[in-house]
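**Q** Could you put together the complete structure from these sequences and hints?
Read off the chains here:
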Amino acid sequence: MNELPQQLANGLILGAMYGLIAIGYTMVYGIVQLINFAHGEIFMIGGFGALTVYLVLPDGFSLAAAIPLMIIGGMICSVAVGTAAERFAYRPLRGAPRLAPLITAIGLSIFLQQAVWKWYPDAKKDRSFPQFDGEPLSILGANIQRGSLFVLIAAPLCMLALGLFVNKTRSGRGMQATAQDPDTAKLMGVNTDRIIVMAFAIGAAFAAIAAVGYGLHNGQVGFKMGFILGLKAFTAAVLGGIGNIYGAMLGGLVLGVAESLATGYIGDIPGMELFGGGAWKDVWAFTLLILVLLLRPQGLLGERVADRA
Amino acid sequence: MTALLEVEDLRVAYGKIEAVKGISFTVEAGQVVTLIGTNGAGKTTTLRTLSGLLKPLSGKITFDGKPLNGVPAHKIVAMGLAHSPEGRHIFPRLTITDNLRLGAYLRDDKEGIEKDIQRAYDLFPILGERRKQAAGTLSGGEQQMLAMGRALMSQPKLLMLDEPSMGLSPIMMQKIMETIVELKSQGTTILLVEQNAQAALSLADHGHVMEIGKVVLSGTGQDLLHDESVRKAYLGED
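Each protein sequence line maps, in turn, to chains A and B. Residue 1 is where the first sequence starts when you use the UniProt record's numbering, and the numbers rise one by one after that. Residue 1 is where the second sequence starts when you use the UniProt record's numbering, and the numbers rise one by one after that.
Keep in mind that a hint or two might mislead.
As the list claims (entries may be wrong) - Capping the alpha-carbon separation at 30 Å, the derived lysine-lysine pairs in DSSO-like fashion look like this:
1. 60(B) to 168(A)
2. 168(A) to 175(B)
3. 232(B) to 168(A)
4. 110(B) to 168(A)
5. 110(B) to 157(B)
6. 175(B) to 232(B)
7. 115(B) to 168(A)
8. 232(B) to 110(B)
9. 60(B) to 75(B)
10. 168(A) to 281(A)
Claimed, not checked - Which stretches of chain A does chain B cover? Using the computed rule of at least three CB atoms under 8 Å from a CB of chain B, they are:
11. 174-187
12. 190-198
By construction, these hints were calculated from the structure, which means they are not laboratory data. We treat Cβ as the ideally placed atom computed from N, Cα and C, and that holds for glycine.
**A** Right under this line is the structure:
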């Protein structure tokens, strides 16, 4: 049986999506120690933004030509919602007990889901997302749908851009300083409010790219799509070491591949037949999370909390 | 000529607890002024208020002719007031060079920044030797040097140093104090908060003794150094 390359490819596609979304969780957590549980919905809104752009483009516009515009449209929607959430929902609660913004995030998450469900045309069911025509490509023994390649290409490019931004630009340095010691960052002249908005915006933009990848891979977007995927991406961020951007991508890939392999192979183990198949994939993902929390609570690339001083 | 920094009847509170209860003092350009006093006297609170990290309850702060009340911290740096905080607070996971670069966060003159980084290495050669190392790996004294070097990177008109000798070995403390003397001789205006009253008063032009939120005694460094009550309370003499 030669399905291993296929399982790995499926895992990487899924993992790249998790990783891109996980960046948003990890950046925001790294800077304001807030778990933005509405981030899954910011991802979802990016998907609807991209779809909307496609729908309003005139007939005859090829999908390949539309994709850059769809990315921009998705980003605009995600970033607008993400930064508005920061400004109007989270910022007023800065300094409040940490439970308050957490509950707000959950409330916002439900609100955004319901808002799309109610007001986006025909969003009560999943809406179909444009697909590339043509046969799947055979790469290293795996069959990959053309649309699924998108996220595999986008993820490394995004990481490269983010790495350059964080390490080579003034704002990136300001962001690292804010994450390590916000008061001292202010003493350096860093406008930490702006850095926080920037972290939300970058996370939202990456989520929008992930959403375009999700749409092209799955062929549809729906108002619920951010819930479980957001939770998985959060898992990926914790897995990689929350606060660490490279950890988020690594955690996403590890989670995606682990989930894919577990789904594919656990059922083949004698005595485990009952646990095979896709219905169990979430169980394996969260089992992995529990194991990591038990064995390496700081995550794969995370630093011990004592380091934050 | 008006003073570079003028503090008038400054009051600062944490919730209902008043930590600074109406203090006034000035710092003239080119001077070294020190605030001494025991723990909890309100010295650090005063500095954190001057740099905008804390909001005053009342009072007036004028720096370089402009009011500082209500100006956010990141804009105060831009006006020329740098603060090297108590406990050093270097950025542990950034390199020494990046820590220094952050000190120059608001500057746009690339060449000038590189020149000043070199100056910091000249002032503290150990920092130059370890420039690519994460700052968290430095010893306490080296971190203090980095914190001071970083504060100087903004080319401040006034440098505020909070407890630069805290927790350091006597040799390192000596070195830090020598550096302050050197900065003073170069014309840097310094507001120094120290628990080591002897060292601070010996190099200061002016000193203010703080006790539970108030200035109880002021004078030149030499006067205070020879004042009997100061000697008893802060210099450990009977």
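**Q** Hints first: check each against the structure and report whether it holds.
**A** Hints and how they fare:
For the suggested pair residue 60(B) and residue 168(A), the alpha carbons sit about 40 Å apart, so the restraint of at most 30 Å is broken. Only pairs whose Cα atoms come within 30 Å are accepted, and residue 168(A) paired with residue 175(B) is rejected, the gap being roughly 34 Å. Using a Cα cut-off of 30 Å, the hinted pair residue 232(B) and residue 168(A) is violated, with the two alpha carbons roughly 53 Å apart. For the hint linking residue 110(B) to residue 168(A), the alpha-carbon distance of about 14 Å falls within 30 Å, and the restraint holds.
For a cut-off of 30 Å, the pair hint linking residue 110(B) to residue 157(B) stands: about 20 Å separates their Cα positions. Under the criterion of a C-alpha separation no larger than 30 Å, the hint pairing residue 175(B) with residue 232(B) is consistent with the structure, at around 26 Å. At roughly 19 Å between alpha-carbon atoms, residue 115(B) and residue 168(A) fall within 30 Å of each other, so this suggested pair holds. Simply put, residue 232(B) and residue 110(B) have alpha-carbon atoms about 50 Å apart, too far for the 30 Å limit, and the pair is violated.
Between residue 60(B) and residue 75(B) the alpha-carbon distance is near 17 Å, which keeps this suggested pair within the 30 Å criterion. For the hint linking residue 168(A) to residue 281(A), the alpha-carbon distance of about 39 Å lies beyond 30 Å, and the restraint is violated. Counting residues of the segment 174-187 of chain A whose C-beta sits closer than 8 Å to any C-beta of chain B gives 10, which meets the bar of three, so the coverage hint holds. A count of 3 residues in the segment 190-198 of chain A with a Cβ less than 8 Å from any Cβ of chain B is obtained; the coverage claim is therefore met, three being the minimum.
Going down the numbered hints, you'll see the structure goes against 1, 2, 3, 8 and 10, while the others check out.
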